[in-house]
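Now for the letters of each chain:
2 protein chains.
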Amino acid sequence: MNSQLPSRYLEIAVNEISKLPGIGKKNALRLALHILKQEDSYAKNLCDAIMQLKTEIHFCKKCHTISDSDVCEICGNPSRDGSTVCVVENVKDVLLIEHTNQYRGLYHVLGGVISPIEGVSPMDLNIESFIERVKEGEIREVIFALPVTTEGDTTSFYLYKRLSGFPDVKISMLARGVSVGDELEYTDEATLARSLKDRVAYSVTI
Amino acid sequence: MNSQLPSRYLEIAVNEISKLPGIGKKNALRLALHILKQEDSYAKNLCDAIMQLKTEIHFCKKCHTISDSDVCEICGNPSRDGSTVCVVENVKDVLLIEHTNQYRGLYHVLGGVISPIEGVSPMDLNIESFIERVKEGEIREVIFALPVTTEGDTTSFYLYKRLSGFPDVKISMLARGVSVGDELEYTDEATLARSLKDRVAYSVTI
Chain A
61 MNSQLPSRYL EIAVNEISKL PGIGKKNALR LALHILKQED SYAKNLCDAI MQLKTEIHFC
121 KKCHTISDSD VCEICGNPSR DGSTVCVVEN VKDVLLIEHT NQYRGLYHVL GGVISPIEGV
181 SPMDLNIESF IERVKEGEIR EVIFALPVTT EGDTTSFYLY KRLSGFPDVK ISMLARGVSV
241 GDELEYTDEA TLARSLKDRV AYSVTI
Chain B
61 MNSQLPSRYL EIAVNEISKL PGIGKKNALR LALHILKQED SYAKNLCDAI MQLKTEIHFC
121 KKCHTISDSD VCEICGNPSR DGSTVCVVEN VKDVLLIEHT NQYRGLYHVL GGVISPIEGV
181 SPMDLNIESF IERVKEGEIR EVIFALPVTT EGDTTSFYLY KRLSGFPDVK ISMLARGVSV
241 GDELEYTDEA TLARSLKDRV AYSVTI
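Chains A and B, in that order, give the protein sequences. First residue of the first sequence: 61, per the working numbering; consecutive thereafter. First residue of the second sequence: 61, per the working numbering; consecutive thereafter.
Misleading hints may appear alongside valid ones.
Identical copies look the same in the list; a pair holds intra-copy or inter-copy alike.
Each computed DSS-like pair below joins lysine-lysine, with the alpha-carbon atoms no more than 27 Å apart [what the hints assert, rightly or not]: (1) Lys-85 x Lys-195; (2) Lys-85 x Lys-221; (3) Lys-152 x Lys-257; (4) Lys-79 x Lys-257; (5) Lys-230 x Lys-152; (6) Lys-85 x Lys-104; (7) Lys-104 x Lys-121; (8) Lys-86 x Lys-257; (9) Lys-152 x Lys-122; (10) Lys-122 x Lys-97; (11) Lys-195 x Lys-86; (12) Lys-221 x Lys-257; (13) Lys-257 x Lys-85; (14) Lys-122 x Lys-221; (15) Lys-230 x Lys-257; (16) Lys-97 x Lys-152; (17) Lys-79 x Lys-114; (18) Lys-114 x Lys-195; (19) Lys-97 x Lys-79.
In short, the hints are calculated from the structure, not lab data. For clarity, every value in this text was computed on a predicted model and none was experimentally measured.
Starting from the given sequences, assemble the full structure and let the hints guide the process.
What follows is the structure in C-alpha cells.
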C-alpha cells in the first residue's frame with residue numbers, strides 16, 4: 061500500500077472531514093468509516109443539510125444574523141425594543157444572548173472583530189451598515205458585547221470613535237467581573253481588579 | 061422565535077451533523093456555523109468527499125475490507141503470506157494491525173460480531189465466505205483477532221466450531237495480557253489472571 065489507507069476516496073474524505081474545526085485525522089477516519097457503514101440515505105441527508113446551509117440560509121439585511129428570510133425574526137418582531145442595539149461579533153453570540161432571556165432589544169452582527177494580524181480591517185466588517193442604522197435616529201443605546209480580547213477592545217474603541225457624532229446615543233458594554241460560580245482563587249488578576257473597580261451596590265439575587 | 065435557532069435550515073443541519081458519533085448538538089451548531097462562514101467550495105468539497113465514500117469505495121470480494129478495486133491491495137499482493145488469515149471485526153482493525161508492521165498474512169473482515177441482544181446473527185456476518193476461503197485449502201492458520209467481549213468470544217467460539225471439519229488448520233488468537241506501559245495496579249483481575257496462566261519464557265525485547 062502506498063499510503064496507510066486502503067482507498068483513495070477514504071483518504072479524500074478523511075482529509076475533508078479533518079478540515080472541520082476540532083476534528084483530527086483519527087476522528088475523521090472514525091467518522092468516515094461510520095458514514096460508510098450506514099445506509100445511503102444517511103450520507104445523502106447529511107450532505108443535503110450541509111449544502112442547504114450554503115444555498116438556503118439568508119442573512120438579515122438589517123442586523124446580519126442568519127435568517128430564513130430577508131429580515132430576521134428578531135428585527136421583524138414589533139415587541140422588541142428598537143431603541144437598543146447590542147453589537148456582537150458573530151451569529152453564535154446572538155444565540156447565546158437570546159438564550160439568557162434577559163434582552164429585549166435588537167442586535168448588530170459585525171461578522172468578526174478588527175485584527176491587523178489576521179488582516180481584518182473595519183472595511184471587512186458590517187460597520188457601515190451599523191452607522192447607517194444609528195443615523196436613522198431611532199437607536200438610543202448601543203451595547204458593546206464583543207470579546208474581551210485586544211481585538212474585541214480595539215473594535216469597541218473604533219466603534220466608540222465612530223459614534224462620537226451621535227451625542228444622544230448612550231454607549232455601554234457588558235460588565236466584566238467574577239464569573240457566577242467561580243472561586244476568587246481561580247479568577248485572573250485583571251478580572252478581579254476590574255470587578256473591584258466596577259463594584260456595584262449589594263443586592264440579593266436568587 | 062419558535063425554536064432556539066433562527067433558521068429552519070440551520071436546525072436541519074445541526075440535527076444531521078449531530079447524528080455523527082461523538083458529536084453533540086452544541087458541537088454540531090459550532091460546525092454548522094463554521095461551514096456557513098466558509099467559501100461555497102468548502103461545503104461542496106466536504107459533501108463530494110462524503111458522497112464518494114458511498115459511491116466509489118468497493119469492498120474486497122475476498123476479505124471484505126474497503127478497497128478502490130474488486131480485490132484489495134493486501135489480497136492482491138503476491139508477497140503476502142496467503143496461508144495465514146487474521147479474522148477481524150471491521151475495517152478499522154485491519155488498519156490497526158497493518159499499522160503495527162508485524163503481520164504479513166491476509167485478513168477476513170466479518171463486518172461485526174455475533175450479538176443476540178443487537179440482533180446480529182452469524183448470517184449477518186461475512187462467515188460463509190470465510191468458510192469458503194478455508195475450503196479452498198490454502199489456509200494453514202487462522203488467527204482470531206476479535207474484541208475481548210462476550211460477543212467477540214461468542215463469535216470466536218462459533219468460528220472455532222465451524223472450523224472443526226478442518227483439522228489441518230491451526231487456530232490461534234491474540235495474546236491477552238498486561239498492556240505495554242501498564243502498571244499491574246491498574247490491570248483488571250481477569251487480565252492479570254489470564255496473563256499469569258499464559259505466561260511466556262522470559263526474553264529481553266527492546
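Going through the hints against the structure:
no.: 1; hint: Lys-85 x Lys-195; in the structure: neither (49 Å within a copy, 39 Å between copies)
no.: 2; hint: Lys-85 x Lys-221; in the structure: neither (45 Å within a copy, 39 Å between copies)
no.: 3; hint: Lys-152 x Lys-257; in the structure: neither (30 Å within a copy, 57 Å between copies)
no.: 4; hint: Lys-79 x Lys-257; in the structure: neither (43 Å within a copy, 47 Å between copies)
no.: 5; hint: Lys-230 x Lys-152; in the structure: within (25 Å within a copy, 60 Å between copies)
no.: 6; hint: Lys-85 x Lys-104; in the structure: both (22 Å within a copy, 19 Å between copies)
no.: 7; hint: Lys-104 x Lys-121; in the structure: between (31 Å within a copy, 25 Å between copies)
no.: 8; hint: Lys-86 x Lys-257; in the structure: neither (48 Å within a copy, 35 Å between copies)
no.: 9; hint: Lys-152 x Lys-122; in the structure: within (17 Å within a copy, 49 Å between copies)
no.: 10; hint: Lys-122 x Lys-97; in the structure: between (44 Å within a copy, 18 Å between copies)
no.: 11; hint: Lys-195 x Lys-86; in the structure: neither (52 Å within a copy, 37 Å between copies)
no.: 12; hint: Lys-221 x Lys-257; in the structure: within (24 Å within a copy, 78 Å between copies)
no.: 13; hint: Lys-257 x Lys-85; in the structure: neither (47 Å within a copy, 38 Å between copies)
no.: 14; hint: Lys-122 x Lys-221; in the structure: within (22 Å within a copy, 71 Å between copies)
no.: 15; hint: Lys-230 x Lys-257; in the structure: within (21 Å within a copy, 79 Å between copies)
no.: 16; hint: Lys-97 x Lys-152; in the structure: between (33 Å within a copy, 12 Å between copies)
no.: 17; hint: Lys-79 x Lys-114; in the structure: both (17 Å within a copy, 20 Å between copies)
no.: 18; hint: Lys-114 x Lys-195; in the structure: neither (32 Å within a copy, 54 Å between copies)
no.: 19; hint: Lys-97 x Lys-79; in the structure: both (22 Å within a copy, 13 Å between copies)
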